[in-house]
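Residue strings, one per chain:
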Amino acid sequence: MFKIVLIIVSLFTLVTTAQTDWVKWGKTEINYEKKDRTRHKDYSYHGGSISELAVKTLANAYWFFISDLDGDNCPFSPTCSSFLLQSVKETNVVQGTLMFFDRFTRDYNFIERYNRYPREKDGHYYDPVSLYTLNVDKIKYIPPSAVVEP
Amino acid sequence: MKIQVFLCVLLSFVSTAFTQEKQIDFNSEKNIKKFADYLFCDKDYLRAAEEYQRLNAYKENDTIIFKSGLSYLFIGDYSTSIDNFAKISNSSLFYKNSKLEQMKAHYLKKDYSVMRSFYKNNFTNEYDYSDQAEKLFYFSYLVSEDQLPQKEKFLIPFNSNENEIISSFYDWKNDPPYKSSALAGILSAIIPGSGKIYTGDISDGIFSFLVTGVFTFLAYDNFHADHDTRAWIFTGLAAFFYGGNVYGSVAAAQIHNAKITFEFNDGLNVFLQNKNYFVPVYDFCN
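Same order as they appear, the protein sequences are chains A and B.
One rule links them: number in our numbering = place in the first sequence (from 1) + 32.
One rule links them: number in our numbering = place in the second sequence (from 1) + 1147.
Excised from the complex, chain A in its bound form (with noise of 0.2 Å):
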């Protein structure tokens, strides 16, 4: 009889000031995979000018052709290739072209990269358009110490 009330003295005690805050104390679902970070061309045209559609065409074709078979090479983000049809859309094909040139030389140079250049988290050196435009407004300086969320 004891050991009855015992046990339904416990058990009430123990229901009155159990942790009732289920969400809390619930289980959670993790989750163990890894972030995708390759980076995906887009293929797809979305207008512009003439000079725009011709670089995109450039583009796409070295894309198919040459980059999807020899793989994610390019060590800079953006690519070259993505450099080019931005600085283009940015400012003209012909201060476009000069920059991708500019910028093609520097991917040449494998010394001092980790100095130089910001990096993104999946560790792609971070050269941005907004540098090379030479509008000393859109000139956003970000130290190489820094790491840029892609």
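Certain hints may be false.
Straight-line distance between alpha carbons at most 25 Å, and here's what the computed SDA-like set of lysine to any residue pairs gives [as the list claims (entries may be wrong)]:
id : chain 1 : residue 1 : chain 2 : residue 2
1  : B       : Lys1257   : A       : Ile174
2  : A       : Lys170    : B       : Lys1326
3  : A       : Lys172    : B       : Val1417
4  : B       : Lys1406   : A       : Pro176
5  : B       : Lys1257   : B       : Asp1278
6  : A       : Lys73     : A       : Pro110
7  : B       : Lys1406   : A       : Val179
8  : B       : Lys1282   : B       : Asp1293
9  : A       : Lys153    : A       : Ile171
10 : A       : Lys67     : A       : Asp104
11 : B       : Lys1326   : A       : Ser177
12 : B       : Lys1406   : A       : Pro107
13 : A       : Lys170    : A       : Val180
14 : B       : Lys1243   : B       : Phe1418
15 : B       : Lys1234   : B       : Asp1258
16 : B       : Lys1256   : A       : Asp169
17 : B       : Lys1406   : A       : Asn167
18 : A       : Lys170    : A       : Thr129
19 : A       : Lys172    : B       : Gln1420
Listed next, with one range per pair, are the computed distances between beta-carbon atoms [to be verified]:
id : chain 1 : residue 1 : chain 2 : residue 2 : range
20 : A       : Gln127    : B       : Asn1416   : 33 to 39 Å
21 : B       : Asn1416   : A       : Gly79     : 39 to 45 Å
22 : A       : Val126    : B       : Asn1416   : 37 to 43 Å
23 : A       : Ser177    : B       : Gly1383   : 38 to 44 Å
24 : A       : Tyr64     : B       : Leu1302   : 56 to 62 Å
25 : B       : Asp1318   : A       : Gly79     : 48 to 54 Å
26 : B       : Glu1207   : A       : Lys153    : 49 to 55 Å
27 : A       : His78     : B       : Val1417   : 40 to 46 Å
To be clear, the hints were calculated from the coordinates, so they are not data collected in a lab.
Virtual Cβ for every residue (Gly too), placed ideally from N, Cα, C.
Starting from the known structure of chain A, fit chain B onto it as the hints suggest.
Leaving out everything else, chain B in the frame of chain A:
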């Protein structure tokens, strides 16, 4: 046996009945202030400011107004912070501190001209903290685009420990080590890559020289060997690399200048934060 049962029942009854027996009035003045002070010391300034506003004593107690002003200052709401500090009467112990904090708030708000006129109207030589205020007054010239005062006059408020670094800041501001983008472009037009070397990008300059040089040589060599088609292709590529090198040198000079400005401003911020904006550190939490 009966005693054991009785004790168990009594114990469980007591523990159940008294678990939430004590009713706490969380909205009492005392508890709101206690909570606000806790949040302030926990550096949760946004909520601390809200809790201080809830107090009836908010309008009367200068300590609460001052801490509320500090909370708004820390969260970056400088206008509300200035409004709070301005409410402190001249009979208060915090009156002089509040004037200094208002200067700091104007500085952080980047209202440098307002800050300077505030200084001139409120701080005299006899006034407490006038030395600190004068330091912030002159320091503001380093971050604004206004004409710098004479160096001798500028350095007077700063002590011997600060003098050297303030002097270097002054020299930097007066004559920043910028590079001319026009000169970088001209240099690269004469010798490919030299403009980039001038802006400090030595390896980029060398690679520019090599790439342009190699394609120029290939063009020359193919013309020499009567391979005209290949020669013209290499000529075109050499021309584009040459143009890109001149363009890139101009851009490199602009980026170099942006870097200089960034590093200068960063240096000023670090110095000023280490000096706590020449404002005393208050110990409200110990």
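Point to revise | Structure versus earlier hints - violations, ascending order | key: none
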